[in-house]
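**Q** Residue-level listing of the chains:
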Amino acid sequence: MMLSFLLRRLAVGLFTIWGVLTAVFLIVRLAPGDQATVALGPDAAPEQLAELRHTLGLDRPVLVQYLSFLGDAVRGDFGESYRYGRPAMDAVLERFPATVTLTLAATVIAIVVGIVLGVVAGHRPGSLVDRTTSAATLGLQALPPFWVGIMLILVLALWLRLLPSAGGGDLEHLILPAVTLAIPFTALVGRITRSGVAETMSEAFVRTARSKGLTEREVLTGHVLKNSLVPVVTVVGLQVGTLLGGAVVIETVFAWPGLGNLLVGAVGNRDYAVVQAATVLIALCVIVLNLAADLAYARLDPRIRLEARR
Amino acid sequence: MADHTSVAGPALAPADQRTTPMLEVTGLEVGLPAGAVVDRVSFTVPAGRTTGLIGESGSGKTMTAMAVVGLLPEAAVASGEVRWKSQDLLAATERRRRQVRGREIGVVFQDPSAALNPIQTVERQVGEILRRDGLPRAQVRARVLELLARVGLPEPERQAGSYPHELSGGMRQRVMIAIALAGRPELIIADEPTTALDVTTQARILALLADLREREGLAMILVSHDLRVMAHVADEVVVMYAGRVCEQGPARAVLDRPFHPYTRALAGNVPAVTSRTAIAEPLPGAPASPFDRPSGCPFHPRCPMARDRCAVEVPALREITEEEPGRLSACHFAKEVSP
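So the sequences go chain by chain: A and B. Using this note's numbering, you'd call the opening residue of the first sequence number 1 and step up by one each time. Using this note's numbering, you'd call the opening residue of the second sequence number 1 and step up by one each time.
Source of the hints: derived by calculation from the structure; they are not laboratory data. Ideal placement from N, C-alpha and C gives every residue a C-beta, glycine not left out. Any given hint could be a false lead.
[What the hints assert, rightly or not] To give an idea of the interface, some chain A residues facing chain B are shown, with a C-beta separation under 8 Å as derived from the structure:
{"hint": "1", "residue": "H173"}
{"hint": "2", "residue": "R207"}
{"hint": "3", "residue": "T208"}
{"hint": "4", "residue": "R210"}
{"hint": "5", "residue": "S211"}
{"hint": "6", "residue": "K212"}
{"hint": "7", "residue": "G213"}
{"hint": "8", "residue": "T215"}
{"hint": "9", "residue": "K226"}
{"hint": "10", "residue": "P302"}
[Claimed, not checked] Computed spacing ranges between beta-carbons, pair by pair:
{"hint": "11", "chain 1": "B", "residue 1": "A142", "chain 2": "A", "residue 2": "G126", "range": "40 to 46 Å"}
{"hint": "12", "chain 1": "A", "residue 1": "Q141", "chain 2": "B", "residue 2": "A311", "range": "56 to 62 Å"}
{"hint": "13", "chain 1": "A", "residue 1": "V108", "chain 2": "B", "residue 2": "R158", "range": "49 to 55 Å"}
[Claimed, not checked] A few chain A residues that don't get close to chain B, going by computed Cβ distances all over 10 Å:
{"hint": "14", "residue": "W18"}
{"hint": "15", "residue": "A23"}
{"hint": "16", "residue": "L30"}
{"hint": "17", "residue": "P46"}
{"hint": "18", "residue": "A50"}
{"hint": "19", "residue": "V74"}
{"hint": "20", "residue": "L158"}
{"hint": "21", "residue": "P164"}
{"hint": "22", "residue": "S195"}
{"hint": "23", "residue": "L214"}
{"hint": "24", "residue": "G222"}
{"hint": "25", "residue": "G245"}
{"hint": "26", "residue": "P257"}
{"hint": "27", "residue": "L281"}
{"hint": "28", "residue": "L300"}
Only chain A is shown next, with the shape it has when bound in the complex (with noise of 0.2 Å):
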């Protein structure tokens, strides 16, 4: 029962691992210039270049690349970033837990902040307080991120000096780029929470809930809320997967030393090492997230636990 839902979702996991594997070999290679032009400048002599190649590999044939690539792939070897000197995954890893730091806070601000807005606005729909809402929350989640980075620098950082503009490590450095990459996510966050409330609110069960004599506080708590949330679980855990792409731009406005700011110097470079294990890692971590949503609504509503034994 819930063995083979897990079991079929693994199995589907597993089959997007190699559709991303495969992707991410064929994007690199389908790129103009390889390492080898990259590692030795333009000046370089045609057997400089084909000594290198041979040495990386690169002359064999693609399908034989790609086997070898898989098969190393498998035991987490993404292969010597050249850059670095030292094992691909290692240099991601390094970087990887800022980024989910990152990531982690700007996900706990949208829910926290995302779902209060959504309540307030779904609980009276069609009020004041519903209309300035939606509105505020269209327009917040229509401005690009990028832009929101600068103005925050330029306003809380430079003009009045609260916060650092750029660095990390701290609390005080994580504020304005989980924030900045907050801001849409918050948004967007709101309007489904608030579409759900404003649709149960109108369902019968809500009135049995008054008729216990609770205040509109127990009301909304206990029955409005929870039943509220599976729209707004799919969405937080299709999007955390996104926001560790938006992390990349957002950690180049902040210098923020995570994954971001690694992948993009590693595709400047032509690092296919360094890029494949990110993408795979980031991947991999978008898989699992979708997976924890799965198993989250059927802890929310009882009824889809029952469809999935079926």
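Fit chain B to the known structure of chain A by using the hints.
**A** Coordinates of chain B only, in the frame set by chain A:
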């Protein structure tokens, strides 16, 4: 039956009524932005008795019942008096009204599939009032199981952990009744409690409600469009049309010998007990909307007895004969209805 003069019409102050009724609704009006959906309705529920509100959809019967417990839609405004144990609930604070809800007046809603929270177990929903009132967990569970057994749910121990979608319609309605009983109310408002159920289940739920009334002395406001249901359970009936009372009085007398053509039409449509169909044929013509009431008597366009006077003059709700002082009708020709 005729000496139970507990239906107090506006024109009537029964002298032989020694105790004040537990619930006394006087001149209740419910207004929506589009107009009044309940217009000057008065009735009483003495302790341990059942008063039925009958009418087609749109007659205002559910709005009347919901106004009593303050569960009207947000846009609706109630005025008049709802005296619950001599306190006017319409004038009471929201805090006092919350205290009444669930603990003094319980509600059974029409469609148990929609009225139960789909993602909470039976135990949690039935025990919510008890938990909220600070009863220890073990006692809550014991009381929930007792309630489930009381409403005839088979295997209470096992069903307590079920979710609504795992139960049949009849079992869900039993759970709904257990929720209404959980706060030990003295009055139950049952809004079309059997409408969403199949025929055999309807009979069982009605028997359960009648049993609760007999054994526990619960008073009840029963809302239904189904006269058979009324004949089963109600002591007094209030027949409503387009938001107004057209007839009220002791149930048996009203149903046997109606004083209003609308009641007669409803009674005439009750299928025989042997009939397979449970739902009465609808009356010819559409029910009048309370927002767009016909002039004069609102029932006159559908009334087989209508005369010129009916289209012009609004009939007052009044006592018809001196022998039956508790019976009121709002028909100009009330005495001609049941010759």
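**Q** Work down the list of hints and note, for each, if the structure agrees.
**A** Each hint tested on the structure:
no.: 1; hint: H173; verdict: violated (41 Å)
no.: 2; hint: R207; verdict: holds (6 Å)
no.: 3; hint: T208; verdict: holds (5 Å)
no.: 4; hint: R210; verdict: holds (6 Å)
no.: 5; hint: S211; verdict: holds (4 Å)
no.: 6; hint: K212; verdict: holds (4 Å)
no.: 7; hint: G213; verdict: holds (4 Å)
no.: 8; hint: T215; verdict: holds (7 Å)
no.: 9; hint: K226; verdict: holds (6 Å)
no.: 10; hint: P302; verdict: holds (5 Å)
no.: 11; hint: A142(B) - G126(A): 40 to 46 Å; verdict: holds (44 Å)
no.: 12; hint: Q141(A) - A311(B): 56 to 62 Å; verdict: holds (59 Å)
no.: 13; hint: V108(A) - R158(B): 49 to 55 Å; verdict: violated (40 Å)
no.: 14; hint: W18; verdict: holds (36 Å)
no.: 15; hint: A23; verdict: holds (39 Å)
no.: 16; hint: L30; verdict: holds (49 Å)
no.: 17; hint: P46; verdict: holds (69 Å)
no.: 18; hint: A50; verdict: holds (66 Å)
no.: 19; hint: V74; verdict: holds (41 Å)
no.: 20; hint: L158; verdict: holds (48 Å)
no.: 21; hint: P164; verdict: holds (45 Å)
no.: 22; hint: S195; verdict: holds (18 Å)
no.: 23; hint: L214; verdict: violated (7 Å)
no.: 24; hint: G222; verdict: violated (8 Å)
no.: 25; hint: G245; verdict: holds (33 Å)
no.: 26; hint: P257; verdict: holds (43 Å)
no.: 27; hint: L281; verdict: holds (35 Å)
no.: 28; hint: L300; verdict: violated (7 Å)
The earlier numbered hints that this structure contradicts are 1, 13, 23, 24, 28.
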